[in-house]
Amino acid sequence: MSQALLRPTLRQAFVVALAGVAIGLVANALSPRGLSLSRNYFPDTPAFRAAATAAPAATATATAAPAGTNPAATAPARSQRGLPLIGQERATELFRDPRRTEGLILFVDARAPEPYARGHIPGAYPLDHYRLELYVTDLIGVAHLAQEIVVYCHGGECEDSDLAASDLQQLGVPASKFSIYRGGFDEWQRLKLPVETGARGSGARANP
Amino acid sequence: MSAPRLLASGHASLAARAVLGAVFIYLGATKALDPVGFLKLVRQFDLLPPLTLNLAAAVVPWCEIVFGALLLAGRFARGTALVSLLLLVAFTAAIVLRAVALHRSGTAAFCSLRFDCGCGTGEVLICLKLIENAGLCLLAALITLAPEHPLPFSRRRAAASTP
Numbered sequence: 000m001s002q003a004l005l006r007p008t009l010r011q012a013f014v015v016a017l018a019g020v021a022i023g024l025v026a027n028a029l030s031p032r033g034l035s036l037s038r039n040y041f042p043d044t045p046a047f048r049a050a051a052t053a054a055p056a057a058t059a060t061a062t063a064a065p066a067g068t069n070p071a072a073t074a075p076a077r078s079q080r081g082l083p084l085i086g087q088e089r090a091t092e093l094f095r096d097p098r099r100t101e102g103l104i105l106f107v108d109a110r111a112p113e114p115y116a117r118g119h120i121p122g123a124y125p126l127d128h129y130r131l132e133l134y135v136t137d138l139i140g141v142a143h144l145a146q147e148i149v150v151y152c153h154g155g156e157c158e159d160s161d162l163a164a165s166d167l168q169q170l171g172v173p174a175s176k177f178s179i180y181r182g183g184f185d186e187w188q189r190l191k192l193p194v195e196t197g198a199r200g201s202g203a204r205a206n207p
Numbered sequence: 000m001s002a003p004r005l006l007a008s009g010h011a012s013l014a015a016r017a018v019l020g021a022v023f024i025y026l027g028a029t030k031a032l033d034p035v036g037f038l039k040l041v042r043q044f045d046l047l048p049p050l051t052l053n054l055a056a057a058v059v060p061w062c063e064i065v066f067g068a069l070l071l072a073g074r075f076a077r078g079t080a081l082v083s084l085l086l087l088v089a090f091t092a093a094i095v096l097r098a099v100a101l102h103r104s105g106t107a108a109f110c111s112l113r114f115d116c117g118c119g120t121g122e123v124l125i126c127l128k129l130i131e132n133a134g135l136c137l138l139a140a141l142i143t144l145a146p147e148h149p150l151p152f153s154r155r156r157a158a159a160s161t162p
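Protein sequences appear in the order of chains G and D.
Just so we're aligned, residue 0 is where the first sequence starts under numbering that gives the first Met the number 0, counting upward by one.
Just so we're aligned, residue 0 is where the second sequence starts under numbering that gives the first Met the number 0, counting upward by one.
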């Protein structure tokens, strides 16, 4: 490229890059799906930090355990941020527990609104961590009243249930109430357990 | 038509603009429609601090749409192609770094690795993605360096405005 062409090309590139960023910022601000530029969407939770600092104590206990026992094997599995993980059997047990209909056991769906509307565990409250402000007012009162809160997302390695639980903890809901359904909605649906479609309490069921 | 004549005529640049512009608009729109999904995928690269991560996830998809539109329209084509080239090189470097890290942490052969790189095309074989990105880089370089070719409507508009 000749010198005569290089300078205008660089100038153009600079202007185009600036225009792209400016349009991007405006579009993000106007879009209903836009991201907050100042929010840390992936914070470390108090539970996570507590679990991390508690690890040496747990090791010390393990060394004092009687021979032939393995405390690690009996300890509940933990999520990435230190919350207890539960399997499908425990999730189903809690779902069928009469306390659920009294609001003492709460299911929270941490997936995005679109998959939630396509199907969720009946009665589960939506809580999209990335659009917290839309859901938290409906949920915070019932979360404080509940004895147990089961949070789930798609399942597998999805982190959204951990993040949603962390949001509720930051609003004062004790960490001891939470458990994460590890298999998530994908497993629930695969096992043909009851599913509600549309809004919470719509009564529309996809599975019996 | 020989390759040098094709380049000199500007037809190669026009075709490259059409392809690169359409690809950028498609990939940008896919990400702009699901910025949260894009944010999660960019985070997996573990290259950016939290607030820069948000800025990148919010702005990059729209930048791609703007660059794609400019390339299709033939406005500021050289400058746009140069910025697109820099963006593609940065994306490709990030993909290579992540693929190398995954390759070292597992036993899978490099070219059997597949993951969603946040490129807007879902989960892909990484070797194919790298070949695709190399092709897009070549197109961007061609637009930057080869003679320009105005779109037909630009010619008609120019002719119409001539007394």
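Possibly wrong hints are sitting among the right ones.
As the list claims (entries may be wrong) - Label-pair ranges, simulated between beta-carbon atoms: (1) D:LEU50 to G:ARG6: 46 to 56 Å; (2) D:CYS110 to G:ARG89: 26 to 36 Å; (3) G:ILE139 to D:ALA89: 27 to 37 Å; (4) D:ALA108 to G:THR136: 47 to 57 Å; (5) D:ALA107 to G:ARG6: 17 to 27 Å; (6) D:ALA89 to G:ASP96: 44 to 54 Å.
These aren't lab readings, by the way, just hints derived from the structure by calculation.
Quick caveat, the model's predicted, so the values are computed rather than measured.
We put the beta carbon where it would ideally sit given N, CA and C, even for glycine.
Looking back at the numbered hints, which does the structure fail to meet, lowest number first?
-> Violated: hints 1, 2, 3 and 5.
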